[in-house]
Amino acid sequence: MANEGSILTAADLVGNGPHGDDPDMHGKFGLFGGRFVPEALIPALDEVAAVYEKAKNDAEFLREFDHLLRTYAGRPTTLTDVPRFGEQAGGARLVLKREDLTHTGAHKINNVLGQALITKRLGKKRVIAETGAGQHGVATATAAALLGLECVIYMGAVDCERQALNVARMKLLGATVVPVTNGSQTLKDAINEAFRDWVTNVDTTHYLFGTVAGPHPFPEMVRDFARIIGVEARRQMLELTGRLPDAVCAAVGGGSNAIGAFHAFIGDEGVQLHGYEAAGRGLHSGEHALTLTAGSVGVLHGARTYVLQDDEGQTIESHSISAGLDYPGVGPEHAWLKDSGRATYHGITDDEAMAAFSLLARTEGIIPAIESSHALAGALKLGRELGPEATILVNLSGRGDKDMGTAMKYFNL
Amino acid sequence: MTTLQTVFAKAKADNRAALVGYLPAGFPSKDGAIAAAAALVEAGCDVIEIGLPYSDPLLDGPTIQDAVHRALSNGTRIADVMRTVEGVAATGAATLVMTYWNPIDRYGAERFARDLANAGGVGTITPDLTPEESEPWRAASAAAGIDTVFLVAPSSTEQRIKAVVDCCTGFVYAASLMGVTGARETVNTAAEGLVARTRAHTDLPVCLGLGVGTGAQAAEVAAYADGVIVGSAFIRRLLDAPDEAAGRESAAALARDMAKGVRR
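Order-wise, the sequence lines are chains A and B. Counting in UniProt numbering, the first sequence runs from 1 upward without gaps. Counting in UniProt numbering, the second sequence runs from 1 upward without gaps.
Worth flagging that the hints you see were computed from the coordinates, not collected in a lab. Treat the hints loosely; a few may be bogus.
To be verified - Calculated lysine-lysine pairs in the DSSO-like style (CA-CA distance at most 30 Å, straight line): (1) B:LYS260 - B:LYS10; (2) A:LYS28 - B:LYS162; (3) B:LYS260 - A:LYS54.
Unchecked claim - Some but not every residue of chain B turned toward chain A, in silico, with C-beta under 7 Å: (4) LEU59; (5) ASN102; (6) PRO103; (7) ARG106; (8) PRO127; (9) THR130; (10) GLU132; (11) LEU151; (12) MET178.
Note that the coordinates shown come from a computational prediction; the quantities given were computed from them, not determined experimentally. Positions of the beta carbon are idealized from the N, C-alpha and C atoms, including for glycine.
Could you build all of it, start to finish, from the sequences and the hints given here?
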């Protein structure tokens, strides 16, 4: 890298090789991943894969991406020790990776800036995206404004209501927000509708997919753009504590912040990787988003992965107080990490997440996103298991400003 | 049981295209679907595709989404799909199932192929199963003696067309346009080119679907394709009718018009 002060190298973007953690030529992570999409989309997916493959080995692309991450997104993000919060974690040392401090308020900006640059290289002038909590939609609308792209965001009508502030932000940024009123009216249906738009307008449009799910190459490309989270955190943990953490914790919906946090640590055998899914009102209530912990292997949104489905393969609607985790599928690399045993996945209920949300605000003066609060609640439990000598890195994937409506209702504020 | 090979040979002998009608199982009701498909056959459809209602139909436009949603709401399951196939096959039409991949995957490929064959079904159309992922399904289908139909699209390269047609038996489904299912004002002009490009790679019949909604459009497509596939236009008639009998008659009237179209 010729660029002084750069934070990103090609190795940072694509990994350091020999962990065997890249998908094969068909986008398969073991049994998982692949492409289960209409034939009409195959040429577009091939084109994205080819352009990405070229870009990630192109110094000019890396320079542009690096520049945007530093001067626009606000990277590197800091680590923050949270000792008062950690008192509730059996005295374990909890350290937060502050993705909430990025521009637009969540880690989603990392992937979006990468794909926005890919969109330019594809020669396309229009981007579409799905959004659940609205953070990916806001980040996409932001990048579209920055780069002069037309932007259409599909968002479940239920999510539009519970994340009204983000709808307003997207509109202010010049995006068109389309409320999706079919099915469960949440993220799953927003993705269906975005795919319908893409297959219709694929000549002019890039589908700026927001998570590590979907057909190849999205799981790999989105992971690579999110990977900077763990790359930075790994270096910073070594600087701060002199060693690697005992565990990394992250919330898992589609799984992009978690894979971003985990990936740089996959080769570090001593570092446990823990993902926390939304247990909603509890496993036995049937109202949850426990795709990895309670789902089964199937195909959803173009990839083979774990899915919440019935005995005949119909998708079961998920539930979570957090719109960003309210998804009945998950990225195929997480399915692979689960089955290989490298990562462990757990459920956190709405109530546990909201307790952690409140606790972090009161003990540390940081209001986390409700999504991230699932990782915080998980870290509290894990700390009590691992004991006071343990150091735990928690990916604080976003900030909670967008969640004030939900918090006002939940806590009667 | 009438096979696809018989249907296309007969249509060819008559110097016309085959008419292929699509309806989801369980719509407008479980029995109503069988009656409606039988009415389409009576009116001149040679082949019927029975749709397997799926919760996430990402290649379908609003009309089929609406019908499928109703089918799922009235509790339609795979056993009902098989029963529908059995009822429709008894009319003498070659009967296929059109389904997204996950329901077959979950049910078990071998079991699904066997049950479909036992119901009198002659094959499947799987719009989200690509050649790369199709091997287990082709093996199961071959073992059960049913055909496998896959789709080519206007965006398909020559290489992709070849890969797809090499996986097809029965016929090849050419999608007329880039988009989701649903009737359109005009049939995409690129469609004829796609059929010609597909023929360069296969001797199988090539049927054209997506966006065909009138007898005149059917006639236009029949001039260059071996079969004309119609779904949303029939479903629209069923959705808009005051009751099932009226819907059936309205859909049959359209099918008669289309059947004339493919004979022009």
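For each hint, the structure was consulted:
1. For the hint linking LYS260 (chain B) to LYS10 (chain B), the alpha-carbon distance of about 16 Å falls within 30 Å, and the restraint holds.
2. Distance hint between LYS28 (chain A) and LYS162 (chain B) is fulfilled; the C-alpha atoms sit about 23 Å from each other, no more than 30 Å.
3. Under the criterion of a C-alpha separation no larger than 30 Å, the hint pairing LYS260 (chain B) with LYS54 (chain A) is inconsistent with the structure, at around 53 Å.
4. Contact between LEU59 (chain B) and chain A, as hinted, is supported at the beta carbon level, the nearest pair being about 5 Å apart and thus within 7 Å.
5. Below 7 Å, beta-carbon pairs count as interface contacts, and ASN102 (chain B) has one with chain A at about 4 Å; its hint therefore holds.
6. The interface hint given for PRO103 (chain B) is met, as the beta carbon of that residue sits about 4 Å from the closest beta carbon of chain A, less than 7 Å.
7. Hint status for ARG106 (chain B): holds, given a least beta-carbon distance of 3 Å to chain A, under 7 Å.
8. With its C-beta approaching chain A no nearer than about 6 Å, PRO127 (chain B) sits inside the 7 Å limit, and its interface hint holds.
9. Satisfaction of the interface hint for THR130 (chain B) is found here, the shortest Cβ-Cβ separation to chain A being roughly 6 Å, below the 7 Å cut-off.
10. For GLU132 (chain B), the suggested interface contact is upheld, since its CB lies about 5 Å from the closest CB of chain A, less than 7 Å.
11. The interface hint given for LEU151 (chain B) is met, as the beta carbon of that residue sits about 5 Å from the closest beta carbon of chain A, less than 7 Å.
12. At about 6 Å, the closest approach between the beta carbon of MET178 (chain B) and any beta carbon in chain A falls short of 7 Å, and the interface hint on this residue holds.
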